[in-house]
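Protein chains in written order, with this note's numbering: chain A, 1 to 160; chain B, 1 to 140.
Please note that a few of the clues may not be correct.
Claimed, not checked - Cβ-Cβ distance ranges computed for the label pairs, FRET-style:
1) Leu65(B) / Ala143(A): 32 to 42 Å
2) Gly111(B) / Ala66(A): 14 to 24 Å
3) Ala79(A) / Pro67(B): 41 to 51 Å
4) Phe4(B) / Arg84(A): 16 to 26 Å
5) Pro46(B) / Arg84(A): 24 to 34 Å
Hints listed in this document are in silico derivations from the structure and should not be mistaken for laboratory results.
In this text, all values refer to a predicted model and were calculated from it rather than measured experimentally.
Glycine residues also receive a C-beta, built at the ideal position from the N, C-alpha and C atoms.
Here is what each chain is made of, one letter per residue.
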Amino acid sequence: MKAAVASGVAGVVFSLGLGLAGMTDPANVQGFLDFTGDWRPALAFVMGGAIGVHGLSRLLVLRRRAPVLEPAFSLPTAAAVDARLLAGSALFGMGWGLSGYCPGPAFTSLATGTVDALTFVAAMVAGMWLFAQVEKRRAAAGAKAAASGPAPVQGEPVDA
Amino acid sequence: MHPFVLALCGGALIGLAATFLLLFNGRVAGVSGIAGGLVGGAEGRPWRLAFVLGMVGGGLLLKVLAPGVFGSEGLYRSPVLLVGAGLLVGYGTRMANGCTSGHGVCGLSRGSVRSLAATLTFMATGAGTVFLVRHLGGAR
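Model the full assembly from the supplied sequences, consistent with the hints where possible.
Right under this line is the structure:
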């Protein structure tokens, strides 16, 4: 329960940051990506601010043996730059450019109740679900192949 | 306030929220990973759901205090475009195990080369897509 409350607070602060930063205005985001047109560079400062604050403060947090409410830290361990990473990022970028929404601002924009935000988030969640189904099938096929003979083991990278 | 200063302050708040989640929950604040875990049946439903609901709650606060941050309504043309874009964002971020927050903020803060490769890639295809739509497609 305490863990959920802390996570909820983090979600609130995160979305307030997105709003203050201008990330919740799709036109602003597309303006940032429009390098050859009327470029709006402000969003580079969002990343700068976020990385500056998080990059330093996370070091203090990681001096602890464990987080406050959980027995251990769950940090990403994957390091490989592989085809899956690059292809997925490429697809994501296309959708981001088309709409001006990435996942955080999309969830935050649900609060507006506009048809645009609802439509986008429904489709985004469907895309996430679709990928989970593809992965399950692949895992099942992999298990079948492993049962009938030696097969290359494919580890699934942990979320960044 | 100047937009650059607002962007810097907003970014700092995002970084603070990510550190808060790390300190209390020991988790990386990657929005697509948190939400994707709900859809894919990963462990930790309560904290994941709370984070996403917290984001919507923050959105409600923004709607009351500063409705302008959501831009102007009716910016978009077709629901087909929004559905296509949403599918690409949902599928792509799960395939890449991260999005703007997980790779762009948390991963880069960690100095991860993997996250740098992801961030450069989605920035590049994002910029390329905007270029195609705005400058060659004629539509805005």
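Verification of the supplied hints:
no., hint, verdict
1, Leu65(B) / Ala143(A): 32 to 42 Å, "51 Å, violated"
2, Gly111(B) / Ala66(A): 14 to 24 Å, "22 Å, holds"
3, Ala79(A) / Pro67(B): 41 to 51 Å, "42 Å, holds"
4, Phe4(B) / Arg84(A): 16 to 26 Å, "36 Å, violated"
5, Pro46(B) / Arg84(A): 24 to 34 Å, "29 Å, holds"
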